[in-house]
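**Q** The primary structure of each chain is shown beneath.
Protein chains: 2
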Amino acid sequence: MPKKVDHEKRRIQIAEATWKVIIDDGLEQASVRKIATTAGLSVGALRHYFSSQSDLLSYSMELVSNRVKQRIQTTAYNGPPLEMLTNVISELLPIDEDRRIEMEVWFVFSAKTLVDSKLESLSAAVYQEMHQGIENILRALEEFKLAKKGIDLEVEVDRLHALIDGLASHHLLHPETFTKDKMIHTLKYHLLSLCK
Amino acid sequence: MPKKVDHEKRRIQIAEATWKVIIDDGLEQASVRKIATTAGLSVGALRHYFSSQSDLLSYSMELVSNRVKQRIQTTAYNGPPLEMLTNVISELLPIDEDRRIEMEVWFVFSAKTLVDSKLESLSAAVYQEMHQGIENILRALEEFKLAKKGIDLEVEVDRLHALIDGLASHHLLHPETFTKDKMIHTLKYHLLSLCK
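So the protein sequences, as listed, match chains A and B.
All residue numbers for the first sequence refer to UniProt numbering, where the first residue is 1 and numbers rise by one.
All residue numbers for the second sequence refer to UniProt numbering, where the first residue is 1 and numbers rise by one.
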């Protein structure tokens, strides 16, 4: 079905143009007109792919979460377990330019969900998915017999989830003070503190 | 100097109107005109207190950080040390309506600093102040002879700082899933994990 593929490709291209406008100029500048121009389309052509600005923003936000999920699914699951788990979690951190762009967009969108209830349900769904993913990682730590005894799994999931988002936002907002190395080092230190 | 006091009072009133517009309608709606209307002033009268929108936004952001600092300075320093330190850190979390409003505004502003370099230096200064405050708290834990031996203070400051901002943002964005009780419980669990 080449037509369907092209349709989806074009939607992705428009969503990436939306990211670019958001990062360069801020969400308040992300009008349909500006996004169309950035994507090299007319407003009419863009409307063929997204019937409203709200649809377009939701899709652009969803694309961030889908990219992260795709990468986690294709992470190489080999090597020493602790290293492997660190690599999986690193997919949730702005460790390179692509991930920095995605997380910057996500951060801006998250602020927007505070005032835009249309984005809230998507944000809630992604939060739950991440939470589940982090629970899986901590369960893996137990299955590999690495975890300390007496750990409270439920609180540890909340703690690691909050820590990951805090680390990501600090590196995004203050990359020169809170460097990538510090971010990764703090994550490793935390994971080690959960191990025997 | 009653005149100077009045001037400052009026600036605070305008900054609080700015918060209200940001929380109700989003930062992209925070035009000088809308803020003036919300504050019950003419645009001309507002311009007497803030010469530009950028000045107004900077001041409104600074007011958040000053309020938090004021409260930390007036926190009752008594009771069991661990409880006292938890109370101090709680001032950095959205534990009630006033703090929720402040942190929501701060979160939106932080997203804005990613695209607005004028706000960056203020954001960097507040980040450093918070970092120093958190270092003081962890040093107090050591001085009270509560801290475990062999703790890496530098990494612990980075970890606690990221954790606090992660907890705050999770509760702000998902108050029904990640409740206030979970937020406080996770903080206490973390502090206890640093103790003997």
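Since the hints were derived computationally from the structure, they do not count as laboratory data.
Be a bit skeptical, because a hint or two may be false.
No copy is singled out in the list; a pair is fine if it fits within one copy or between any two copies.
[Claimed, not checked] SDA-like, lysine to any residue: derived pairs with alpha carbons at most 20 Å apart:
no., residue 1, residue 2
1, K196, R139
2, K182, L153
3, K118, K182
4, K145, S65
5, K69, D116
6, K149, F50
7, K149, P81
8, K118, A140
9, K180, A124
10, K196, R99
11, K188, A125
12, K4, I23
13, K118, E83
14, K149, R33
15, K34, Y77
16, K9, S52
17, K145, S31
18, K182, V155
19, K148, Y49
**Q** For each hint, tell me whether it holds in the structure or not.
**A** Outcome of the hint check:
{"no.": "1", "hint": "K196 to R139", "in the structure": "within (15 Å within a copy, 26 Å between copies)"}
{"no.": "2", "hint": "K182 to L153", "in the structure": "between (25 Å within a copy, 13 Å between copies)"}
{"no.": "3", "hint": "K118 to K182", "in the structure": "neither (36 Å within a copy, 26 Å between copies)"}
{"no.": "4", "hint": "K145 to S65", "in the structure": "neither (30 Å within a copy, 44 Å between copies)"}
{"no.": "5", "hint": "K69 to D116", "in the structure": "neither (24 Å within a copy, 30 Å between copies)"}
{"no.": "6", "hint": "K149 to F50", "in the structure": "neither (51 Å within a copy, 58 Å between copies)"}
{"no.": "7", "hint": "K149 to P81", "in the structure": "within (18 Å within a copy, 27 Å between copies)"}
{"no.": "8", "hint": "K118 to A140", "in the structure": "neither (35 Å within a copy, 44 Å between copies)"}
{"no.": "9", "hint": "K180 to A124", "in the structure": "between (27 Å within a copy, 17 Å between copies)"}
{"no.": "10", "hint": "K196 to R99", "in the structure": "neither (31 Å within a copy, 38 Å between copies)"}
{"no.": "11", "hint": "K188 to A125", "in the structure": "neither (27 Å within a copy, 27 Å between copies)"}
{"no.": "12", "hint": "K4 to I23", "in the structure": "neither (29 Å within a copy, 40 Å between copies)"}
{"no.": "13", "hint": "K118 to E83", "in the structure": "neither (38 Å within a copy, 40 Å between copies)"}
{"no.": "14", "hint": "K149 to R33", "in the structure": "neither (57 Å within a copy, 59 Å between copies)"}
{"no.": "15", "hint": "K34 to Y77", "in the structure": "neither (41 Å within a copy, 53 Å between copies)"}
{"no.": "16", "hint": "K9 to S52", "in the structure": "within (18 Å within a copy, 43 Å between copies)"}
{"no.": "17", "hint": "K145 to S31", "in the structure": "neither (52 Å within a copy, 56 Å between copies)"}
{"no.": "18", "hint": "K182 to V155", "in the structure": "between (24 Å within a copy, 8 Å between copies)"}
{"no.": "19", "hint": "K148 to Y49", "in the structure": "neither (51 Å within a copy, 58 Å between copies)"}
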